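These protein sequence lines map, in sequence, to chains A and B.
Letter 81 of the first sequence, counting from 1, is numbered 81 in my numbering, and no numbers are missing.
Letter 66 of the second sequence, counting from 1, is numbered 66 in my numbering, and no numbers are missing.
FYI, nobody ran anything at the bench for these hints, they're computed from the structure.
Please note that the accuracy of each hint is not assured.
Stated by the list, open to error - List of simulated lysine-lysine pairs, DSS-like, C-alpha gap at most 30 Å:
no., chain 1, residue 1, chain 2, residue 2
1, B, K66, B, K14
2, B, K66, B, K20
3, B, K41, B, K64
4, B, K20, A, K69
5, A, K69, A, K54
6, A, K69, A, K3
7, B, K14, B, K55
8, A, K69, A, K52
9, B, K66, B, K41
10, B, K14, A, K3
11, B, K41, A, K3
12, B, K64, A, K3
Bear in mind the structure is a predicted one, so any value in this text is a computation, not a measurement.
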Amino acid sequence: LAKTTQPISMDSYEGQEVNITCSHNNIATNDYITWYQQFPSQGPRFIIQGYKTKVTNEVASLFIPADRKSSTLSLPRVSLSDTAVYYCLVGDWGDTGRRALTFGSGTRLQVQP
Amino acid sequence: GAVVSQHPSRVICKSGTSVKIECRSLDFQATTMFWYRQFPKQSLMLMATSNEGSKATYEQGVEKDKFLINHASLTLSTLTVTSAHPEDSSFYICSATGQRERAGELFFGEGSRLTVL
Numbered sequence: 001l002a003k004t005t006q007p008i009s010m011d012s013y014e015g016q017e018v019n020i021t022c023s024h025n026n027i028a029t030n031d032y033i034t035w036y037q038q039f040p041s042q043g044p045r046f047i048i049q050g051y052k053t054k055v056t057n058e059v060a061s062l063f064i065p066a067d068r069k070s071s072t073l074s075l076p077r078v079s080l081s082d083t084a085v086y087y088c089l090v091g092d093w094g095d096t097g098r099r100a101l102t103f104g105s106g107t108r109l110q111v112q113p
Numbered sequence: 001g002a003v004v005s006q007h008p009s010r011v012i013c014k015s016g017t018s019v020k021i022e023c024r025s026l027d028f029q030a031t032t033m034f035w036y037r038q039f040p041k042q043s044l045m046l047m048a049t050s051n052e053g054s055k056a057t058y059e060q061g062v063e064k065d066k067f068l069i070n071h072a073s074l075t076l077s078t079l080t081v082t083s084a085h086p087e088d089s090s091f092y093i094c095s096a097t098g099q100r101e102r103a104g105e106l107f108f109g110e111g112s113r114l115t116v117l
């Protein structure tokens, strides 16, 4: 599984857009990029997943450049409830089986009022 | 999305006792379940992978006789911490997969916080 590098922590204010970038220089051709959110004492929650270009859902956008060596999770207009740890994961979960996700250190986002 | 439930959410036990944690997939058949461990302010560490009806595969450094994993059905996996000691105190999280709609998407339980006195 490709190793990922994220900032350890980020601070923001309510209403701002937050962009968290993840580096994955050795991403493989079949790898997908997945982001999870974790609140204290809870299991991680799936946010978004992509392979290339841009993916958007009701909570976030994921930007992936052409070389796929990095990705950026964009959270529009954050609120206090977005304070959490965000994990970027990269891997291939194809037909050959369901492999576990390997979690990196994650980015601790603190949203201030 | 799919629901994975863990029980108990919190457990306190005395040193030397065994504790069982259940992980259930409530609305789908989980062919594979994973058990993670998380210490305060640290990331999740994979302990083992279990496939229904077969023996679990443990990660390096995880004692299989200490952490017994059973995946007897497509909706239930259990983790038993045997002869627990204070250093086993941690947050244990399970996840499950079985759906094919979205590659790489795992559904996680709420976690179980174990405190060994």
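Cross-check of the supplied hints:
| no. | hint | result |
| --- | --- | --- |
| 1 | B:K66 to B:K14 | holds, 16 Å |
| 2 | B:K66 to B:K20 | holds, 12 Å |
| 3 | B:K41 to B:K64 | holds, 25 Å |
| 4 | B:K20 to A:K69 | violated, 41 Å |
| 5 | A:K69 to A:K54 | holds, 14 Å |
| 6 | A:K69 to A:K3 | holds, 11 Å |
| 7 | B:K14 to B:K55 | holds, 28 Å |
| 8 | A:K69 to A:K52 | holds, 10 Å |
| 9 | B:K66 to B:K41 | holds, 24 Å |
| 10 | B:K14 to A:K3 | violated, 38 Å |
| 11 | B:K41 to A:K3 | holds, 20 Å |
| 12 | B:K64 to A:K3 | holds, 26 Å |
Hint check: violations occur at hints 4, 10; the rest are consistent with the structure.
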